[in-house]
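*Asks:* Here are the chains, one letter per residue:
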Amino acid sequence: MKKFFLKIKKYISILIVSFQSQAAYKTDLIAQNIFFALIVFIFINLWNKIYSTRTVFAGYKKEDIIWYFIITEIITLTTQRFFFQISRQIKDGSFAYILNKPYNYLLYIMSENAGSMIYKFVSNSIIGIVIGYIFVGPLNLSFLINLPQLILCITLGILIHFFLQTFIALSAMFLEDNTAFFWIYFKCIMIFGILIPIDVFPSRIFNLIKYLPFAFITYAPAKLFLNFSYDLFYETLLFQIIYFAFALMISIFIFKKGVRHVSIQGG
Amino acid sequence: MSVFREVKSHLVLLWKYFKFNLAASMEYRAMFITQVLGMALNNSVFIIFWYMIFKNTGSIGNYGFKDIMFIWAVSSSAYGIAHIIFGNCAYLGDQIQKGELDVYLLQPKNPLFSILASRTIISAWGDFLYGYTIMLVFFSFSFFNILLFSFLVVSGGVIFVTVFSISESLTFFMGSSRSIAQMIREFLISFSIYPESIFGDKIRWLFYTLLPAGFISFVPKEIFMNSCYILILLLLAADVVFIFLNSLVFNMGLKRYESGNLIGTRL
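In order, the protein sequences belong to chains V and H. Under numbering that gives the first Met the number 0, residue 266 is the last one in the first sequence; the count climbs by one each step, no gaps. Under numbering that gives the first Met the number 0, residue 266 is the last one in the second sequence; the count climbs by one each step, no gaps.
To be clear, the hints were calculated from the coordinates, so they are not data collected in a lab. Using N, Cα and C, we set each Cβ at its ideal position, and we do this for glycine too. Fair warning: there could be bad hints in the mix.
[To be verified] When the alpha-carbon atoms are kept at most 27 Å apart in a straight line, the in silico DSSO-like pairs for lysine-lysine are as follows:
#	chain 1	residue 1	chain 2	residue 2
1	V	K60	H	K54
2	V	K90	H	K108
3	H	K97	H	K254
4	V	K100	V	K209
5	V	K255	V	K8
6	V	K48	H	K18
7	V	K256	V	K6
8	V	K209	H	K54
9	H	K254	V	K61
10	H	K201	V	K61
11	V	K25	H	K97
12	V	K90	V	K100
13	V	K2	V	K255
14	V	K100	V	K255
15	H	K108	H	K7
16	V	K6	V	K255
17	H	K201	V	K48
18	V	K90	V	K256
19	H	K7	H	K18
20	V	K48	H	K54
21	V	K61	H	K65
22	V	K60	V	K256
23	H	K54	H	K65
24	V	K9	V	K255
25	H	K108	H	K97
26	V	K61	V	K209
27	V	K9	V	K256
28	H	K201	V	K60
29	H	K201	H	K108
[Unchecked claim] Footprint (simulated), chain H over chain V, 3 or more residues, beta carbon under 8 Å:
#	stretch
30	42 to 49
31	125 to 138
Using the sequences and the hints, build the whole thing.
*Replies:* In structure tokens:
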């Protein structure tokens, strides 16, 4: 047990240092908050226009669809850009400095990024709630009763997103350029979970995409927020655990395979 | 006569830069192809989003599905051509900050022109081709349409380059304008690809002044979709004004430039 805590301690130290170092990149983080506010503002305008001639869109009321968008954006923006960071570390060789240290690489990058993840999650949540409150009114507070379950599902969604990004980023050890794969992956998340709830799709497509990992990153947690039910919660949790284990395993696999393959120039 | 000669010599230089940058990009052919196709696929996800929205709504304000496809086509291709030919507009601030402009200042051509043209962004080919593909799929293919569209693309490209370059040039005055430039970039792109009619009158003035998305997609939409050809004069005037402003801000900033004494060559 003591050995385990000693092992974990170094990652906690990395997390604390990374959290403190966020202060050095204040303007970048604020710029990301402003970007989030901009996107929410644009979508509120879009949905206001759409709902000016109707009261329901694909079964959703205006307040629900806007809160849905805010929640899904908070989840995805929490881990945005880590792909580029990890990919760059591999491409420019700075990856080598981490490899020869007594860390597990995947745990290292997770703890290194956890600081900014916490900052982004908290700050974007505050901004999202304030903007949502101003433009569409308060979020139905009944979600507070199920807060622990919701936090669990959101955390798992963020972790799946993080490790799928890590997997694509680590492919830089094999590929000349992997950016295009990330763009496609990210756009799948956008269309199958962020921009519109997937219930909007025809039922045949919906029945297919609701079981894809993208849906469990954003759609399912946001849906739980709006309309919690234990059936949906258990189904979401089951699939999230499966996809999280899958994303983690393929990341470990590609890392172990790739690290033998990688050659880094000295300098 | 000397003005004509100046323009001609700069166009010759631009052609040489273009050929050189293209040849350099093609050196990594697999990367070139994956980035171009990846970016085109990345953009096409929004077709699904807008299709689903219009399938449920019919129209938004005075915008139909084809109008949205047009503003996407023209802004993508404009962004694409801007970054294919003047790809350094996204890195200018970085070079100013590092004091890396000396090598351009010693050249016999306009330094701003040389700096901007000295780099190409490979993925921009994907944006550029995506716009033309949308045109061919959703609009009638005629010589006149393609010619008019190409003019609108070039005009929008001028706005993108000059606005990005102005925001990057703020580094001369602020020490680092990375965050503000990044914000202006995100704002300009985001406002160009959503219907103008979703925004209230209180902010629309921004689209024709500080964040001129109106000259990139909204005015071109009126010209192309509603045959308001007189507005071409407005676009030309906007291009001239933004080129002038860009040159003014850059030249004013250049007086404050501090070299990093980096020894460099441009082959």
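*Asks:* Each hint: holds or not?
*Replies:* Okay, the hints, checked on the actual structure:
1. Among the hinted pairs, V:K60 with H:K54 is consistent with the structure: their alpha-carbon atoms are about 17 Å apart, no more than 27 Å.
2. Pair hint V:K90 plus H:K108 does not hold up; C-alpha atoms about 35 Å apart against a cutoff of 27 Å.
3. Of the supplied pair hints, the one linking H:K97 and H:K254 holds, its CA atoms being roughly 16 Å apart against a limit of 27 Å.
4. Distance hint between V:K100 and V:K209 is unfulfilled; the C-alpha atoms sit about 41 Å from each other, more than 27 Å.
5. Taking the CA atoms of V:K255 and V:K8, the gap is near 24 Å; set against the 27 Å cutoff, the hint holds.
6. With a CA separation close to 46 Å, the supplied pair V:K48 and H:K18 exceeds the 27 Å bound.
7. Of the pairs offered as hints, the one joining V:K256 and V:K6 holds, with about 24 Å between alpha carbons and a cut-off of 27 Å not exceeded.
8. Of the pairs offered as hints, the one joining V:K209 and H:K54 holds, with about 20 Å between alpha carbons and a cut-off of 27 Å not exceeded.
9. About 53 Å separates the Cα atoms of H:K254 and V:K61, which puts this hinted pair outside 27 Å; it is violated.
10. Among the hinted pairs, H:K201 with V:K61 is consistent with the structure: their alpha-carbon atoms are about 22 Å apart, no more than 27 Å.
11. For the suggested pair V:K25 and H:K97, the alpha carbons sit about 21 Å apart, so the restraint of at most 27 Å is met.
12. In summary, the hint linking V:K90 to V:K100 is supported, as the alpha carbons are separated by about 19 Å, within the 27 Å threshold.
13. Of the pairs offered as hints, the one joining V:K2 and V:K255 holds, with about 24 Å between alpha carbons and a cut-off of 27 Å not exceeded.
14. At most 27 Å may separate the alpha-carbon atoms for a hinted pair to count; V:K100 and V:K255 meet this at roughly 16 Å.
15. Taking the CA atoms of H:K108 and H:K7, the gap is about 12 Å. The hint holds against a cut of 27 Å.
16. Under the criterion of a C-alpha separation no larger than 27 Å, the hint pairing V:K6 with V:K255 is consistent with the structure, at around 20 Å.
17. With a C-alpha separation of about 15 Å, the suggested pair H:K201 and V:K48 falls inside the 27 Å cut-off, and the hint holds.
18. Using a Cα cut-off of 27 Å, the hinted pair V:K90 and V:K256 holds, with the two alpha carbons roughly 17 Å apart.
19. With a C-alpha separation of about 17 Å, the suggested pairing of H:K7 with H:K18 holds against the 27 Å cut-off.
20. A C-alpha spacing of about 15 Å is found between V:K48 and H:K54, which places the hinted pair at or below 27 Å, so the restraint holds.
21. Distance hint between V:K61 and H:K65 is fulfilled; the C-alpha atoms sit about 25 Å from each other, no more than 27 Å.
22. Pair hint V:K60 plus V:K256 does not hold up; C-alpha atoms about 48 Å apart against a cutoff of 27 Å.
23. Pair hint H:K54 plus H:K65 holds up; C-alpha atoms about 12 Å apart against a cutoff of 27 Å.
24. With a C-alpha separation of about 22 Å, the suggested pair V:K9 and V:K255 falls inside the 27 Å cut-off, and the hint holds.
25. With a CA separation close to 22 Å, the supplied pair H:K108 and H:K97 stays within the 27 Å bound.
26. Under the criterion of a C-alpha separation no larger than 27 Å, the hint pairing V:K61 with V:K209 is consistent with the structure, at around 22 Å.
27. At roughly 25 Å between alpha-carbon atoms, V:K9 and V:K256 fall within 27 Å of each other, so this suggested pair holds.
28. Proximity of H:K201 to V:K60 is assessed by CA-CA distance (about 26 Å); at most 27 Å being required, the pair is judged to hold.
29. For a cut-off of 27 Å, the pair hint linking H:K201 to H:K108 is broken: about 42 Å separates their Cα positions.
30. As drawn, the stretch 42 to 49 of chain V meets chain H at 5 residues by the rule of a beta-carbon pair under 8 Å; at three or more, the given contact holds.
31. Here the stretch 125 to 138 of chain V counts 0 residues with a CB under 8 Å from a CB of chain H, which misses the bar of 3, and the coverage is violated.
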